[in-house]
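As given, the protein sequences belong to chains P and F, one line each in that order.
Under the UniProt record's numbering, the residues of the first sequence are numbered 1 to 363, in order.
Under the UniProt record's numbering, the residues of the second sequence are numbered 1 to 363, in order.
No lab work stands behind these hints, which were simulated from the structure alone.
Treat each hint with caution, since some may be false.
PhoX-like cross-link-like pairs, simulated, lysine-lysine; straight-line CA separation at most 25 Å [as the list claims (entries may be wrong)]: (1) P:K293 <-> F:K293; (2) P:K277 <-> F:K277; (3) P:K83 <-> F:K290; (4) P:K83 <-> F:K293; (5) P:K290 <-> F:K109; (6) P:K293 <-> F:K162.
Here the structure is a predicted model, which means the values were calculated and not measured.
For reference, the chains in residue letters:
Number of protein chains: 2
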Amino acid sequence: MFAKQLFAKFNYIGLNGKRLLSLSTNYGLVYEEYGDPIQVLKKCDISSKTSRPLKAHEVKVSYLASPVNPADINTIQGVYAVKPQLPAVGGNEGVARVVGIGSDVKAVKEGDRVIPSSSSTGTWRTHAILPEKDLIIIDPDIDVLTAAQLTVNPCTAYRMLKDFIPLTKGDTVIQNGANSAVGVYAIQLAKEWQINTINVIRQRPDFAELKHKLVSLGATHVITEEELRQKDVMDSVFKNIPKPRLALNCVGGKNATDCMRHLDSNGAMVTYGGMSKQPVIIPTGALIFKDQKFFGYWMTRWYRDNTGNNERALMLKYLCSLIKTGKLESPKSVAIGLDEYKDAINKTMAGFAGVKYVFVMKP
Amino acid sequence: MFAKQLFAKFNYIGLNGKRLLSLSTNYGLVYEEYGDPIQVLKKCDISSKTSRPLKAHEVKVSYLASPVNPADINTIQGVYAVKPQLPAVGGNEGVARVVGIGSDVKAVKEGDRVIPSSSSTGTWRTHAILPEKDLIIIDPDIDVLTAAQLTVNPCTAYRMLKDFIPLTKGDTVIQNGANSAVGVYAIQLAKEWQINTINVIRQRPDFAELKHKLVSLGATHVITEEELRQKDVMDSVFKNIPKPRLALNCVGGKNATDCMRHLDSNGAMVTYGGMSKQPVIIPTGALIFKDQKFFGYWMTRWYRDNTGNNERALMLKYLCSLIKTGKLESPKSVAIGLDEYKDAINKTMAGFAGVKYVFVMKP
Numbered sequence: 001m002f003a004k005q006l007f008a009k010f011n012y013i014g015l016n017g018k019r020l021l022s023l024s025t026n027y028g029l030v031y032e033e034y035g036d037p038i039q040v041l042k043k044c045d046i047s048s049k050t051s052r053p054l055k056a057h058e059v060k061v062s063y064l065a066s067p068v069n070p071a072d073i074n075t076i077q078g079v080y081a082v083k084p085q086l087p088a089v090g091g092n093e094g095v096a097r098v099v100g101i102g103s104d105v106k107a108v109k110e111g112d113r114v115i116p117s118s119s120s121t122g123t124w125r126t127h128a129i130l131p132e133k134d135l136i137i138i139d140p141d142i143d144v145l146t147a148a149q150l151t152v153n154p155c156t157a158y159r160m161l162k163d164f165i166p167l168t169k170g171d172t173v174i175q176n177g178a179n180s181a182v183g184v185y186a187i188q189l190a191k192e193w194q195i196n197t198i199n200v201i202r203q204r205p206d207f208a209e210l211k212h213k214l215v216s217l218g219a220t221h222v223i224t225e226e227e228l229r230q231k232d233v234m235d236s237v238f239k240n241i242p243k244p245r246l247a248l249n250c251v252g253g254k255n256a257t258d259c260m261r262h263l264d265s266n267g268a269m270v271t272y273g274g275m276s277k278q279p280v281i282i283p284t285g286a287l288i289f290k291d292q293k294f295f296g297y298w299m300t301r302w303y304r305d306n307t308g309n310n311e312r313a314l315m316l317k318y319l320c321s322l323i324k325t326g327k328l329e330s331p332k333s334v335a336i337g338l339d340e341y342k343d344a345i346n347k348t349m350a351g352f353a354g355v356k357y358v359f360v361m362k363p
Numbered sequence: 001m002f003a004k005q006l007f008a009k010f011n012y013i014g015l016n017g018k019r020l021l022s023l024s025t026n027y028g029l030v031y032e033e034y035g036d037p038i039q040v041l042k043k044c045d046i047s048s049k050t051s052r053p054l055k056a057h058e059v060k061v062s063y064l065a066s067p068v069n070p071a072d073i074n075t076i077q078g079v080y081a082v083k084p085q086l087p088a089v090g091g092n093e094g095v096a097r098v099v100g101i102g103s104d105v106k107a108v109k110e111g112d113r114v115i116p117s118s119s120s121t122g123t124w125r126t127h128a129i130l131p132e133k134d135l136i137i138i139d140p141d142i143d144v145l146t147a148a149q150l151t152v153n154p155c156t157a158y159r160m161l162k163d164f165i166p167l168t169k170g171d172t173v174i175q176n177g178a179n180s181a182v183g184v185y186a187i188q189l190a191k192e193w194q195i196n197t198i199n200v201i202r203q204r205p206d207f208a209e210l211k212h213k214l215v216s217l218g219a220t221h222v223i224t225e226e227e228l229r230q231k232d233v234m235d236s237v238f239k240n241i242p243k244p245r246l247a248l249n250c251v252g253g254k255n256a257t258d259c260m261r262h263l264d265s266n267g268a269m270v271t272y273g274g275m276s277k278q279p280v281i282i283p284t285g286a287l288i289f290k291d292q293k294f295f296g297y298w299m300t301r302w303y304r305d306n307t308g309n310n311e312r313a314l315m316l317k318y319l320c321s322l323i324k325t326g327k328l329e330s331p332k333s334v335a336i337g338l339d340e341y342k343d344a345i346n347k348t349m350a351g352f353a354g355v356k357y358v359f360v361m362k363p
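So here's chain P without its partners, still in its complex pose (with noise of 0.2 Å):
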């Protein structure tokens, strides 16, 4: 019955011969039932999706790269708060070029450079039929490895950094998992904003390597999640800057905690990730008396209620212009060919510290 649908809905091309002429460079990275992804994901002729005609207010565009982010997978698993319905393409986000439109499309053109304002679209295939409405123009000078990920990590470190606390020059922000790709924008951001980082890491051989990475992009302070605990640390990193007034989380358990005895009264900190597996545990004091505030973020439903809104679009064009200016770097990007999806997720599920790998679609 899945294999039913599958055909239905990607038009997949059997060993039967059947449809052999519609055989064409539209396919995508397909799966019909959640699980280990690379068992899953087959890779599907979609042609019959793709190359029918435009209905009035679609756009034919063609991938030219998406990433694989830890959430793809866990969407593949079964386990991500998003369920796509099935069957479905993997990926969430990607840049595209438009190379077809409607009759009635005014919003974009051939040629132009756009990425999917909708999440859960599917990003791990050539080609896509999308509605106007759901595609945003970007600048074409930004290069492909990094226009790929503009949608999610660095407008996390964005919203995090402007929706909470309202920040100014001279406050001071900390954060852990600060190698993260998020934490590794929201470093670059806060320094466009002269806004201080105390940048939480784990200790690992390449520490001093790593620092001199976060401290060139503008990291405060960089120190690992032992020193967060020691004093004299401490003290001297407060010296010169006041205590934070926004904690960003991406860790949890022990380290959150940590972080938050640092936090400034009245503080927030917002958690977006857990990599520890453990819960954020707040002592009772730091809610009572000092009153701090504890918030969670997620780029999916930030999105979900800002459609229809300029926001995203105001966020995009600005962080493109830090990226047109060398001011914004993504982090180290790997590019990869669709065909060799196993090695990509692979390398994903195996958390090559660092490193994004980023389907590059052959024109």
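Start from chain P and add chain F according to the hints.
Same frame as chain P, but now just chain F:
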């Protein structure tokens, strides 16, 4: 040195007989160092502070009643977030009668029933001289035991229900420690505002009786901490009322986490106590995917932040109107003399459930 400060501030009548002529009924329970209240509290003559001529905007009051709250005891122990300048008089709330006014006092007149609007003025005493601006007139028809306890518990319940999540008729609130003083007020206010309450209390021998009492005050559901974890019980609770949008937490630990599991997406938990002495433990998913928000509440801070606006007077007027019409009943109170302070403090420290000791001063 402590003793010297104390003499200077409160004109303690020593055994040497000096100032014997000034002996009067003006006395208070004074402590000159933090520690065990039974050890450090002394009954002191405070006449020199209360018998002097009044300045233009000063008011002399005669206390009628003041409760013994756990926070008062923690303050004297030196373990509370408020540390009054020593020597200090115990007690934080109370009700008094105006017995003298300065030449320019306009806000109150002799005979008025008043409560102090600043916290930590020290209310375990017979008399005080306070600035006119620090007094709020309240309805003389409220019985003194209730009036003496007006500023902390009912106001905490009121603000927590009002200030975090906009609730409307038919919404639900879940609270643990529902038989606490704040909990009992929250039940009654929610009933008045047609808000459903799920009230969680510990299993106890007199559970049926306590449940009956809380239901008679307006509780929609009363369940044990164990029942909160039973699917069939909770399914039955949610057959007729929506998931809670607000959770009030004075327990912490496992029970607070159990409460947040039933909290609606985008709901908030407000922590105002930590009876279990365990922190608040939040699964990462509750923050990121359910967008639940976690706040603390402290009445003392609210008063501090709302000095000079009319909110407090409005709230007290509203609460008094409910009390007068029998819609707001205070938890069981036991009147005790100021001289019997050791007994009142010992019993409060022993935590006799559901009973509040209130000093009633002889006129």
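Outcome of the hint check:
| no. | hint | result |
| --- | --- | --- |
| 1 | P:K293 <-> F:K293 | holds, 8 Å |
| 2 | P:K277 <-> F:K277 | holds, 24 Å |
| 3 | P:K83 <-> F:K290 | holds, 15 Å |
| 4 | P:K83 <-> F:K293 | holds, 24 Å |
| 5 | P:K290 <-> F:K109 | violated, 38 Å |
| 6 | P:K293 <-> F:K162 | holds, 17 Å |
Hint 5 alone, counting from the list given before, is not met by this structure.
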